[in-house]
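Undergrad: Can you make the complete structure from the sequences, with help from the hints?
Count along the sequence shown starting at 1, add 134, and that's the number in the numbering used here.
Among the hints, a few may not be true.
Just the calculated beta-carbon pair ranges, DEER-fashion [what the hints assert, rightly or not]:
| no. | residue 1 | residue 2 | range |
| --- | --- | --- | --- |
| 1 | E210 | D163 | 16 to 26 Å |
| 2 | A225 | D162 | 34 to 44 Å |
| 3 | D162 | R208 | 10 to 20 Å |
| 4 | D222 | D163 | 32 to 42 Å |
| 5 | R257 | K224 | 25 to 35 Å |
| 6 | R161 | R226 | 29 to 39 Å |
Note that these hints are calculated values from the structure, not bench results. Predicted, not measured: the structure shown is a model, and the values here were computed from it. The C-beta atom is built at its ideal place from N, Cα and C for all residues, glycine as well.
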Amino acid sequence: MARTNLDDAGGGGQPDIAAAGGVVVRRDDDRRTRIAVIHRPKYMDWSLPKGKLEKGEDWREAALREVTEETGFRCEATVELPPVSYTDRKARTKLVRYWLMEPVKGKFKPHGEVDELRWLTRREAEDLLSYDHDRKLVRKALRVRRLRRIRGALPGPDWRWSV
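TA: Shown next as structure tokens:
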């Protein structure tokens, strides 16, 4: 069953901001795994695509919508990753739930919110990402992806990270 509100977000207390996003991963012609990293001119940072939930929106739906809005790619969300909590620049608490995603179709076009998208190797992404929590999440996502390929299966919909 999809989680639809902050009461079952997996953390204690209510965050000031609820957001969802994706670690978007693809394999290039050179068979190297690449991660989508976006540049947001408003914040002058490099991050993973994410955004706030809209009223009544499911977390997974929000993640897919935000990734499409920010990257131009429609994606398949495969596995939910560990949630990330942090305090933003305005001292607000923020909870972000992420999914490992693979692009299905689309093309990036720069826009006001995101002016650049780069497909980077893990090391390149870790060097460029502005926030430590994004770097850690990329490492976790790629471990999950490797395990998924090795085992040839995905965990069921009720599977959760133990925190």
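Undergrad: So which of those numbered hints doesn't the model satisfy?
TA: none
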